[in-house]
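These protein sequences, in sequence, are chains F and B.
Quick note: the first sequence uses the working numbering, first residue 1072, plus one each step.
Quick note: the second sequence uses the working numbering, first residue 293, plus one each step.
A hint or two may mislead.
[Said to hold, decoys possible] Straight-line C-alpha distance at most 30 Å; calculated DSS-like pairs for lysine-lysine:
hint, chain 1, residue 1, chain 2, residue 2
1, B, 788, F, 1147
2, F, 1403, B, 492
3, F, 1403, B, 719
4, F, 1144, B, 791
5, F, 1335, F, 1365
6, F, 1142, B, 492
7, F, 1142, B, 640
8, F, 1411, B, 640
9, F, 1244, B, 788
10, F, 1432, F, 1348
11, B, 314, F, 1411
12, B, 823, F, 1411
13, B, 722, F, 1411
14, F, 1142, B, 719
15, F, 1406, F, 1425
16, F, 1374, F, 1335
17, F, 1374, F, 1411
18, B, 823, F, 1144
19, B, 719, F, 1144
20, B, 823, F, 1235
21, F, 1147, B, 787
22, B, 314, F, 1142
[As the list claims (entries may be wrong)] From the structure, some residues in chain B lie toward chain F, with a derived Cβ separation under 10 Å:
hint, residue
23, 360
24, 441
25, 451
26, 519
27, 540
28, 580
29, 783
30, 785
Hints are computed from structural coordinates only; laboratory data are not their basis.
Where a beta carbon is used, it is the ideal one built from N, C-alpha and C, also for glycine.
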Amino acid sequence: MRSSLILRAGVAIAALVMASTAMATQFDMTPGVTEISNKVFELHRFMLYICIVIAVGVFGVMFYSIYAHRKSKGVKPADFHESTLVEVIWTVVPFVILIVMAIPATRVLIAMNDSGDADLTVRVTGSQWKWHYEYLSYGDEKDVGLAYLSVLSTPRDAYEHQGKGLFNMSKNKPDFGKNPHYLEEVDKPLVIPTGKKVRFLVTSDDVIHAWWVPDFAVKKDAIPGFINEVWANVPVGKEGLYRGRCAELCGKDHAFMPIVVEAKSQADFALWLKEAKVKAEEEAKAAANSVDYKFADVAEANKLGEEVYNGKCVACHQAGGVGMPPMFPALKGSKMATQKEHIKDHIHIVVEGKGAMPAWKGILSPKEMAAVITYERNAWGNNSGDLVQPSDVVTK
Amino acid sequence: MSHAASHDHNDHHHHELAPFWKRMFTTSNHKDIGSMYLIFAFTMLLCGGAAAMVIRAELMYPGLQLVQPDFFNQMTTVHGLIMVFGAIMPAFTGFANWMVPLMIGAPDMALPRLNLFSFWLLPFAFSILIFSVIMSIMGLGAAPNFGWTFYAPLSTTYAPASTDFFIFSVHLMGISSILGAINVVVTIFNLRAPGMTFMKMPLFVWTWLITAFLLIAVMPVLAGVVTMMLTDRHFGTSFFNAAGGGDPVLFQHVFWFFGHPEVYIMILPSFGIVSAIIPTFARKPLFGYASMVYATASIALLSFVVWAHHMFTTGLPLAGSLFYMYMTMLISVPTGVKVFNWVATMWKGSMTFEVPMLFAISFVILFSIGGFSGLMLAITPVDYQYQDAYFVVAHFHYVLVSGALFSMFAGAYYWLPKWTGHMYNTKLAKLHFWNSLLSVNLLFFPMHFVGLAGMARRYADYPQQFADLNFWISIGGFWFGLSQLLFLAVLLTAKKGPKVDAQVWEGAEGLEWTIDSPAPYHTFEEPPVVK
């Protein structure tokens, strides 16, 4: 009787272990691609198996007791209720198991903590709800001077489906055929070279975010006023796209600021870096020159302005400019966006930011800022007729 | 001492009691106030549950289906706050009010008027919080939307105006908890019947005594952190504002210095309830009573030195991470001792499986599952992958729902006949048990998987690969939510069943089973003598 029970339990454990290995990708942690992430994965499995063995042991005894020691079988209760020896055993044995767990855990943690001797350093800055990547140093190059924003590229209408009702949800799903990487795609991924140690300096401009790339076993909080270090070394041969996400609640679009890291071979990375720098320089020059551009009329500025608004402003100020007061003020019908005497303030807040409003200088060109201010002053029935020219947008 | 004093007291010896709805404003009777706490907690359970239903409905299918992400965040926030501060904690205080005096042979709580005051703070505290949600639904500005952990600066510089309601509400809850805890401590220290030495007290009394000390130690810290938020928001301080020289991580240290003992505040009384029920239905005394007391005290002490395990990803130094990892792992030793003692109590007993026992056994198993995932979360390098993912959500719901809440169902089914004098509808109660057991696992077990596969918590929408499991999680959620209406039905029909005698359960021991069922309005006016 008892031996067949033990046999059955053994089979059950074996089946569990096999099943859990097979289900790895959908149901378990990813082993990831770096040496560290593999170690973390092994540690996770090690912990899981120990827990399963303990659980089967303890619950096995309990279920046996539930099966065998029931009143309906006429069992008379024993009256033991104390044993110092047993108490000592089941205090000491778990303690020993804990030491067995702590040793590999400490080793991996020490290895993860060593962020020295990095080849590439990238500053990662979270802000509501986008990531800002700045390449600081690469090998001998101490000032790479490349920086860009990375934002979700899944279009809003792919996920905003509200208002179709509780009972239409199953028909109201996003079109995964059209957006196979729904909520996991960005306009400009972070690009890193393989076979190099990349150090990320993680910080934030506003609230706390967390930069999480499961394939690297990297998750670090992005905290305003702090710079946290974390690193990854993607082995050569593991080139590809790695998708992650923000892991710390950071406001309404927390679920909509994914991370994509593109690992390229060193040669491809060098090429990409060169091209990206040239392109960035051209863009900066064009932006600077755009001060001299003159919009022919409100309609022309509106056209560009609407694009900019839907790209950068709509997340907070909402479609239709209704905002989300009091955090994100409405623009529709607001004093700021309709009255002539507030044009200067309107320009100033867009350029320099205020509170939750980020400063857009350096991100948008004067032409784009002029366009979006014009758009805000004329759209949604604001109809002020004001035309703001790039030269009006003073960036110091 | 106070026994003699209360004897002459003229509001005792009523023969005609005013109806409950009338005397609830003036009563100082521990049984009345205990019932008020329990009814309030169950009401809050339904409110917090309603918020959870909105969350699960939104997450049933990918795509933003029903609500705006900001409203989704408001729902996760009020769900957490209401369940922690409105359902679990007041329910335990309700059990303490009812059972501590009956278990130690006291005529009432030591500070009866304070008792009534600490109860009546709660409806006001939660009306304020819920009012902010109603305003949000009416479109008058967002309710608190920064999660129940309200990390700064999202809860200060970037928070909606209703945050001030939230702060005031938390202050009221805190005062209520502290007063309730003081009352429990004073009662247990002063009103034990002759012969009821500390090491003879039922484990429920012990666990509540230790819980009360935890409450007195950490609720002021919570009050402190919300006050710092308030001055940051309105009086120009910069405790948590990096731009003003403050430190957002300080917030998390202060919050979790409260928050981790808080976790044990919500589980230690469960240990006490389960330690009362298992011996009754195993017809065998609790195994290792003394070691249970020591284990509870060790858990409480350790709970003060583990708080930063909630903060491994904030960039703790290596030495800090190692310290908090080791300390956290250590907690599993006394917790393990408890589980082993319960199993040893069942071993060679003569078990029957009435509804309280069913809930108690599922508590032991499901709470242990939460304990195992807790041990995994303690391991810092792996915690980097678990942290802020659904794995954590699964972990703490196993501990709080199939742990704390199940223990309270067990306690309610155990003592309800003593309270009402009637056996409840056991068929309906069993139906409640089996539905709860199956649905709670369908609800929370797959959360481990989506979490490990990479789904972050507090997400209003998710990528394709999480869709299948989230559908089933939502089904489990609705099923679990509806199952609780069965409990409501059991409560509403509680007095319709057959009358019970004083003993109620064959194997039950303790002073509460020496008094009549239903428990008379005044008990132990002459203190019993415990041998």
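Legend entry - Holds or violated: residue 1244 of chain F to residue 788 of chain B, with C-alpha atoms at most 30 Å apart: violated (48 Å)
Inset, instruction - Could you check if residue 540 of chain B really has its C-beta closer than 10 Å to a C-beta on chain F? - result: Holds, about 5 Å.
Legend entry - 30 Å limit on alpha-carbon distance, applied to hinted pair residue 1147 of chain F and residue 787 of chain B: Measuring from Cα to Cα gives roughly 33 Å; hence the hint is violated.
Legend entry - Holds or violated: residue 823 of chain B to residue 1144 of chain F, with C-alpha atoms at most 30 Å apart: Outside the cut-off at roughly 34 Å; violated.
Inset, instruction - Given the hint that residue 1411 of chain F pairs with residue 640 of chain B, test it: the Cα-Cα distance must not exceed 30 Å. - result: This hinted pair is violated, its Cα atoms lying about 87 Å apart.
Legend entry - Hint consistency between residue 823 of chain B and residue 1411 of chain F [alpha-carbon to alpha-carbon, up to 30 Å]: Violated - the C-alpha atoms of residue 1411 of chain F and residue 823 of chain B are around 89 Å apart, more than 30 Å.
Inset, instruction - Compare the distance between the alpha carbons of residue 1142 of chain F and residue 492 of chain B with 30 Å, and conclude whether the hinted pair is satisfied. - result: holds (27 Å)
Inset, instruction - Mind checking the alpha carbons of residue 823 of chain B and residue 1235 of chain F for me, to see if they're no more than 30 Å apart? - result: Given that 30 Å is the threshold and the Cα spacing comes to 69 Å, the pair is violated.
Inset, instruction - For the hint on residue 451 of chain B, just tell me whether its beta-carbon gets within less than 10 Å of chain F. - result: holds (8 Å)
Legend entry - Distance restraint between residue 722 of chain B and residue 1411 of chain F, which requires alpha-carbon spacing of 30 Å or less: Violated, at about 71 Å.
Inset, instruction - Could you grab the alpha-carbon distance between residue 1403 of chain F and residue 719 of chain B and see if it respects the 30 Å cut-off? - result: violated (60 Å)
Inset, instruction - Would you check the hint for residue 1142 of chain F and residue 719 of chain B, treating anything up to 30 Å between C-alpha atoms as holding? - result: Given pair residue 1142 of chain F, residue 719 of chain B holds - Cα atoms ~20 Å apart, limit 30 Å.
The structure fails to meet hints 1, 2, 3, 5, 8, 9, 11, 12, 13, 16, 18, 20, 21, 22, 26, 29, 30 from the earlier list, while all remaining hints are met.
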